[in-house]
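Chemist: For reference, each letter of the sequence shown is one residue, going 3 to 158 in the working numbering.
It should be emphasised that the hints constitute simulated quantities derived from the structure, not laboratory data. Each hint should be verified, as a subset may be incorrect.
As the list claims (entries may be wrong) - With a straight-line Cα cutoff of 16 Å, these simulated EDC-like cross-link-like pairs (lysine to aspartate or glutamate) come out:
(1) Lys61 with Glu141
(2) Lys61 with Asp73
(3) Lys61 with Asp79
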Amino acid sequence: MPTHNLPPDAFQTFSASTPITPALFATALRDLPLETLYARAAELQNSISHLLSSNIQMKPFADAGDADCVDAIRENDEVVRRFEERVGLCREEAERRGLGWSLHGADEEGVTNGEGVNGSGSGNGSGRLSDEELRRRLEAQMVQEEEGEEEDGVYL
Numbered sequence: 003m004p005t006h007n008l009p010p011d012a013f014q015t016f017s018a019s020t021p022i023t024p025a026l027f028a029t030a031l032r033d034l035p036l037e038t039l040y041a042r043a044a045e046l047q048n049s050i051s052h053l054l055s056s057n058i059q060m061k062p063f064a065d066a067g068d069a070d071c072v073d074a075i076r077e078n079d080e081v082v083r084r085f086e087e088r089v090g091l092c093r094e095e096a097e098r099r100g101l102g103w104s105l106h107g108a109d110e111e112g113v114t115n116g117e118g119v120n121g122s123g124s125g126n127g128s129g130r131l132s133d134e135e136l137r138r139r140l141e142a143q144m145v146q147e148e149e150g151e152e153e154d155g156v157y158l
């Protein structure tokens, strides 16, 4: 008799191109320590940032009619949607345990309920940036990098 709480399809073989279902992902989160839950969410948010950055770089080519770039942007948008859903599942799991959830992806000044520490509003009040706010920040970061104003450090 199995002693685990995994769904019946937990051991189903997935191809490399088939993403794990949200239900199976949520089930897998149950046994993770909180710090691993936070780390997984940070990895997902980092991947989201890279995907959105790629989309910004491909947009001029897609606008010029490059079908491959159009398809790549569409695929990236779908992956971003799935990854955002998974970040939400990580948050829900932490909250289910009665634990807090830190604001991954907040800028160095910090964000509390959508308000920057310096009083400027950002985000949507949920602790997550809207797509438009994230795109704006990525574009600003790319402009800084192109102008040689890149700061040392790792962006997560």
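Chemist: Assess, step by step, whether the Cα of lysine 61 is no farther than 16 Å from the Cα of aspartate 73, and give holds or violated.
Modeler: Status holds; Cα separation ~11 Å.
Chemist: Run the distance test for lysine 61 versus glutamate 141: straight-line Cα separation, threshold 16 Å.
Modeler: 12 Å, holds
Chemist: Does the alpha-carbon distance linking lysine 61 and aspartate 79 stay inside the 16 Å limit?
Modeler: 12 Å, holds
Figure legend: structure checked against the earlier numbered hints; every hint is met.
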